[in-house]
Every structure is written in C-alpha cells, then in structure tokens.
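S.K.: Please model the entire structure based on the sequences and the hints provided.
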Amino acid sequence: MRLLTLQRSAAAFVRARHQSMSGRCSGPARICAARCASSKRGSGRPRSYRYVVDHAGAVHLDTNKARTLATAYKDPTFLDELYTGLRRRRGGKWASQCLGEYSLLRADTGDSAADAEIIVVFDRLNDDGLGYAGTLREAFDPSRLRWCASGRLYHELTTASRFGKLGLVGSHVAHGLSERLDVRDGDDV
859 MRLLTLQRSA
869 AAFVRARHQS
879 MSGRCSGPAR
889 ICAARCASSK
899 RGSGRPRSYR
909 YVVDHAGAVH
919 LDTNKARTLA
929 TAYKDPTFLD
939 ELYTGLRRRR
949 GGKWASQCLG
959 EYSLLRADTG
969 DSAADAEIIV
979 VFDRLNDDGL
989 GYAGTLREAF
999 DPSRLRWCAS
1009 GRLYHELTTA
1019 SRFGKLGLVG
1029 SHVAHGLSER
1039 LDVRDGDDV
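The sequence shown begins at 859 in the working numbering and counts up by one.
To be clear, the hints were calculated from the coordinates, so they are not data collected in a lab.
Predicted model only: the values in this text are computed from it and were never measured.
Every clue listed holds true.
Taking lysine-lysine pairs in the DSS-like style, the calculated list, with each CA pair at most 30 Å apart, reads:
#, residue 1, residue 2
1, K932, K951
2, K1023, K951
3, K1023, K932
4, K923, K951
M.R.: Now the structure itself:
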C-alpha cells in the first residue's frame, strides 16, 4: 500500500510541475513526464539497459544468454530510436539516452578485435541498399566492400559515418553475396 501512495504522489508532482510550466497538461506530454518520473523511482539514478548486436544484426538484451531470433528485438521503431540516439562515449562504449534512461549497446560478432570498433551490422540487402536496425539504410556500393584478415566482410559507411568507418555485413547477407564476389589481392581491411 505504501508503494502505491508513493507512485501516486510522484505522478501528482509531475502533473503539477508540468501544469505550472505550460498552463495545462496535454496527453503526450503527460505520458512523457510520467515515463521520465517512473524511470527515476527508487535510487534516484536513471535506469540503464544493456543490449548486444550479434553477427546477424539482431539486437538482444545483454543478460539473455540464449540469443536466438525469438529473443531478438524486432520493433523497427525501437531499433531506429536506439541507433538514432546512439553516441560513442569517452570510454569507447556506445550509449543512447531517451527519457532519462540509458541504453548501452555493444557488438558481439565473434571477432573480438572488431567488436570494439563495429556497432553497425547489416542484416539485409535490397534495392534500397544495406539495411540495419529497424529501417535505417546505407547505400550499397560493391567497391566499398572490404575483407578482414579474420574472413569477415565489411562495407564502408558513408551515410552512417558517425558509427565509424566500417559496418559488418551480416553472415546471411554475406552468404547471399558470396556467389557474386570477385576477390582481388590487396583488398584486405
């Protein structure tokens, strides 16, 4: 019963603060303010969520050990917001802040040397180009494909260059391209 009383008083505080700032409380602003207040309940620190992107481009909760297609996040809006807000922090970690909550994203592609640098994993190729996250795209140019010494295929980033120089071509996309690739010496990353 006490927890319910605290929740009501926090929501009432947020409504009163918002009404004093804008004169009246509209629907979306009220929801936004309530979500912001609920994320700070308890310790006073914002919540943080840890995610991992795998070699196929699927995003999972980092605590989930069974990473399958069934446990991957599939909502394009969520994935787009996660990547759109993503910034590299001083320590090299990738973080996104939304409504007072932090989302941390790291790569686990099986190549530990590349995982520190790679955050974009292309999970589809169609007429619009290489796709990643929900609906985000990078123009596909075969001359921008690069092989790594580990045998992985990368594509140079142009439109998403704030994520680094290269994005990993997901394993199933690389497999689909493998029949049409002509590899020449000196094309290593």
